[in-house]
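*Asks:* If you want the building blocks of each chain, they are given just below.
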Amino acid sequence: MNHLARTIVTGAVCAVLGSGVTGWLVHTDGRARGRSLSLASLSALPPEGAPARVPLGDLAGAAKATMPGRLANPLESDPGAVVEGERLYKEMNCAGCHGYAAKGGMGPDLTDAHWRYGGTPVQIYKSIYEGRPKGMPAWGRALPQRSIWQLTRYIETLGGSFPTEAYHAGLQGDLADERGAGSSKSPAHGDSGEGAGGDK
Amino acid sequence: MASASGNATSRSGLIVAAAVGSIFPLIGGYAAYTAYSNPAPAAAAPPTSLTGATADFAPNDPPGEWKSPARDYANTRYSPLRQVDRSNVARLKVAWTFSDGTLYGHEGPPLVVGDTMYVVSPYPNVAYALDLSKPGAPIKWTYDPKTSPIALGKACCDAVLRGWAYADGKLIYNLLDAHTIALDAETGKEVWRTKLADVEKGVTMTMAAFVAGDKVLVGNSGGEMGVSGWLAALDVATGKLLWRAYGIGPDTMTRIGPDFRPYYPWMRGKDLGVKTWPAGMWKTGAAATWGFVSYDPKTNLVFYGTSNPGPRVPDQRPGDNLWTSAVFARDADTGMAKWAYQYTPHDQWDYDGVNEHMLLNIPWKGVRRDVAVHFDRNGFAYTIDRNSGEVLVAAQYAYQNWADGIDLGTGRPIVRAAMEPKIGQKLQRVCPPDIGTKDWQPPAFSPRTGLVYTGIFNLCMDLTDHAVSYIPGTPYDGMEMVRYPASGDDWGGFIAWDPVHGRKLWQIPEKFMVMSGTLATAGDVVFYGTVDGWFRAVDAWTGKVLWSQKLSSGIVSQPISYTGPDGRQYVAVFAGVGGAAMVSADQPGFPARGGTLYVFSIDGASPGSGPGMMVTAAGAAASQSDETQKGRH
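First to last, the sequence lines map onto chains A and B. Numbered according to UniProt numbering, the first sequence spans residues 1 to 200. Numbered according to UniProt numbering, the second sequence spans residues 1 to 633.
Do not rely on the hints blindly, as some may be mistaken.
[Unchecked claim] Calculated cross-link-like contacts (lysine-lysine; reagent style DSBU-like; alpha-carbon spacing at most 35 Å):
1) B:K140 to B:K550
2) B:K275 to B:K422
3) B:K422 to B:K283
4) B:K422 to B:K550
5) B:K422 to A:K90
6) B:K550 to A:K90
7) B:K215 to B:K240
8) B:K550 to B:K426
9) B:K240 to B:K270
10) B:K189 to B:K275
11) B:K550 to B:K67
12) B:K544 to B:K67
13) B:K189 to A:K90
14) B:K504 to B:K67
15) B:K283 to B:K195
16) A:K90 to B:K275
17) B:K544 to B:K504
18) A:K90 to B:K140
19) B:K189 to B:K146
20) A:K90 to B:K146
21) A:K90 to B:K195
Don't read these hints as lab results, they were simulated from the structure. The structure presented is a predicted model; accordingly, all values stated were derived computationally and were not measured.
The task is simple: from the sequences and hints, build the whole structure.
*Replies:* Written out as structure tokens, the structure is:
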């Protein structure tokens with residue numbers, strides 16, 4: 001495919017998704033191929049803004065968080081979501097920071113049970129959507145919600161994430177042992193190598 | 001771990017013997033070697049350099065001070081101090097220590113000016129002044145510049161800082177979030193702050209600011225982020241930007257004009273920083289500047305290397321990709337380029353050209369040549385005429401298998417086609433990997449031996465390239481790698497190099513990478529550290545390990561030596577593993593991070609410490625007298 005054709009295809013896909021993806025895909029080398037929209041991938045998403053109501057910290061005054069438990073990944077039974085999420089993981093340069101094996105590098109390891117900002121699906125969604133202060137970009141303006149849920153689905157398959165209803169268990173450290181915490185002795189040893197690693 | 005040290009020592013002995021036998025007769029230094037093989041400093045005759053190489057040690061700072069990372073403009077890292085020598089170095093013990101409270105890779109050196117030591121941490125780049133005239137070197141002042149945390153996720157290779165500079169009563173250094181600041185050295189107050197770039201676009205700054213006269217030279221990191229690379233000159237007094245020269249783009253950006261005369265014809269022509277790229281690709285082509293700068297006051301030229309091209313995947317950017325993985329010589333006043341030389345055209349392995357250029361003067365075919373000595377990450381050590389850009393020597397100094405050599409007629413490497421990666425195809429056993437046979441860790445030179453000393457790597461990689469898109473603020477990278485030792489299980493080593501003849505005289509094998517800077521001293525002792533935390537002193541003539549001390553973390557910093565207010569010679573080095581050394585973090589025995597400065601002296605003596613001493617408060621006089629205090633308080 002020549003450069004012009006690639007650009008046209010890329011533009012067309014952007015239009016179909018109705019996303020905020022902009023000119024950066026001009027340099028894309030054939031990344032648009034294989035993208036398809038199945039019926040399953042059109043399953044209903046939570047109302048826009050719902051994840052924003054999930055708190056980031058623990059709850060003051062012994063309140064109970066019920067919202068996170070109701071926010072399962074809407075694509076958890078979508079067979080194409082993991083594949084699409086993995087493709088996005090590479091295409092959006094997530095792999096550049098977190099490693100092609102997601103074992104960390106410039107950014108943290110996504111396969112272990114340490115989640116500074118939470119490891120339930122909606123908490124992972126929020127980290128992608130909102131960005132995080134140590135250099136994790138906010139993708140909520142660049143990617144449609146569906147893509148972020150697909151990325152979340154992919155990360156859920158890497159072994160470190162928490163069950164949907166585990167908001168409090170995760171905060172209280174009850175899930176670390178069974179998820180292999182401590183098996184990773186270094187914060188930065190992914191294939192991209194040398195980065196600050198740090199907390200996700 | 002003690003056995004590991006002993007093991008390395010005995011193995012190095014074997015290699016030294018072999019190297020001495022084969023090399024010394026060739027260069028006529030055997031008499032000098034035998035004279036110095038048994039230390040007897042009082043009776044020793046003046047040494048005879050093994051190579052004839054010399055250096056200009058301008059700005060000729062007082063022998064006991066250390067005001068810039070490399071100590072001199074030429075980047076020799078040579079200390080003229082000789083209280084610590086081969087006869088007593090084994091008595092070095094810890095005099096005092098200092099934790100800066102941070103755990104990212106500690107790549108920078110402390111500075112010593114007068115009675116004060118200055119220390120700057122990795123991110124968040126906190127500066128400390130320590131009073132060497134008082135027991136325990138208490139903190140005089142501290143300054144936290146509140147560096148933006150977003151920079152943590154934009155720095156490819158850990159949140160490091162490779163040092164800083166003292167000039168005009170100021171300490172000048174780069175913040176990871178792409179600002180340069182100057183502090184008043186007396187008070188620790190910020191004098192000026194200059195924003196150089198937008199960290200949200202992936203631009204960080206990790207290099208040591210370098211002062212030449214009234215200008216401070218700084219450059220950017222971000223070779224993995226698709227940035228535009230540059231070197232900028234700021235006014236030392238005000239921080240005002242004087243000029244900025246890019247590593248990519250049209251001649252107006254790269255500051256190439258009529259005075260630009262590269263030695264090799266293929267680097268001559270208009271706008272090569274644009275024409276050697278596919279259309280528009282130069283704009284994300286990197287050529288960042290994160291290594292050390294050197295300066296020749298006679299010609300007023302500064303020398304520095306440029307980073308890899310972006311993206312790291314070569315299939316996406318056919319062409320030579322000038323001026324990436326190259327060296328520039330520029331006029332310090334104007335920034336205009338005098339010459340350039342590209343080490344690795346169309347860099348396909350992320351070899352960069354960013355490593356230091358040590359300025360030496362060598363005898364060459366009967367005449368003196370002013371040269372720059374450069375250990376490239378690509379496995380070759382270059383000795384280059386620093387006035388013309390002609391490569392005099394390009395010889396392999398560590399294991400590589402990507403090239404059959406450097407063609408000195410054209411200046412181009414002879415690339416093995418089988419080692420060229422293709423998108424989506426796993427390429428096995430490419431040597432060295434991205435971090436090279438030696439990364440930024442700087443060598444040292446001794447004018448006594450005429451040798452250059454440096455830590456090296458012994459590594460290969462399995463490489464799979466992935467096509468990547470440019471998304472600002474994210475990696476423009478695409479290299480998936482597994483790295484491993486090239487042979488045996490030694491990840492590193494330490495070598496002595498003859499820059500005139502392009503020969504390695506000896507090598508000390510090391511199980512872990514050697515990623516520290518090197519310090520050479522007039523006591524004929526050379527210091528370096530390993531990634532697993534051994535700090536060693538070796539005989540500058542033979543490479544015999546004379547002393548080793550295990551520190552609390554791996555050593556990826558730059559040792560220095562200074563004279564304290566008490567007249568003693570000290571050696572100081574940070575332990576705090578990080579940076580590119582983290583590629584070996586899965587190696588058994590790899591240490592945890594740290595951030596502690598160790599200061600050594602003979603028998604560990606220093607004001608206020610030692611038997612019978614009791615100091616009750618920072619800065620208080622010792623409560624009991626000790627001979628270490630005589631004449632002090």
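*Asks:* If a hint holds in the structure, say so; if it does not, say that too.
*Replies:* Here is what the structure says about each hint:
1. Between B:K140 and B:K550, the direct Cα distance comes to roughly 29 Å. Compliance with the 35 Å bound is thereby established for this hinted pair.
2. Annotation: proposed proximity of B:K275 to B:K422 holds, straight-line Cα distance about 23 Å (limit 35 Å).
3. For the suggested pair B:K422 and B:K283, the alpha carbons sit about 23 Å apart, so the restraint of at most 35 Å is met.
4. Of the supplied pair hints, the one linking B:K422 and B:K550 is violated, its CA atoms being roughly 43 Å apart against a limit of 35 Å.
5. For a cut-off of 35 Å, the pair hint linking B:K422 to A:K90 stands: about 17 Å separates their Cα positions.
6. For the hint linking B:K550 to A:K90, the alpha-carbon distance of about 41 Å lies beyond 35 Å, and the restraint is violated.
7. Of the pairs offered as hints, the one joining B:K215 and B:K240 holds, with about 10 Å between alpha carbons and a cut-off of 35 Å not exceeded.
8. For the proposed pair B:K550 and B:K426, the alpha carbon gap of about 39 Å is over 35 Å, so the pair is violated.
9. Distance hint between B:K240 and B:K270 is fulfilled; the C-alpha atoms sit about 30 Å from each other, no more than 35 Å.
10. Taken as a hint, the B:K189 and B:K275 pair is broken in the structure, with Cα atoms around 46 Å apart against an allowance of 35 Å.
11. Restraint check for B:K550 and B:K67: the C-alpha separation of about 27 Å stays at or below 35 Å, so the hint holds.
12. Of the supplied pair hints, the one linking B:K544 and B:K67 holds, its CA atoms being roughly 30 Å apart against a limit of 35 Å.
13. Between B:K189 and A:K90 the CA atoms are separated by roughly 45 Å; this puts the pair beyond 35 Å, and the hint is violated.
14. For the proposed pair B:K504 and B:K67, the alpha carbon gap of about 30 Å is at most 35 Å, so the pair holds.
15. Only pairs whose Cα atoms come within 35 Å are accepted, and B:K283 paired with B:K195 is accepted, the gap being roughly 21 Å.
16. For the proposed pair A:K90 and B:K275, the alpha carbon gap of about 30 Å is at most 35 Å, so the pair holds.
17. Of the supplied pair hints, the one linking B:K544 and B:K504 holds, its CA atoms being roughly 15 Å apart against a limit of 35 Å.
18. As the CA atoms of A:K90 and B:K140 are separated by approximately 49 Å, the hinted pair breaks the 35 Å bound.
19. Simply put, B:K189 and B:K146 have alpha-carbon atoms about 13 Å apart, close enough for the 35 Å limit, and the pair holds.
20. Distance restraint check for A:K90 and B:K146: the Cα-Cα separation of roughly 33 Å lies within the 35 Å cut-off, and the hinted pair is therefore satisfied.
21. Straight-line distance between C-alpha atoms of A:K90 and B:K195 comes to about 32 Å, which keeps the hinted pair within the 35 Å bound.
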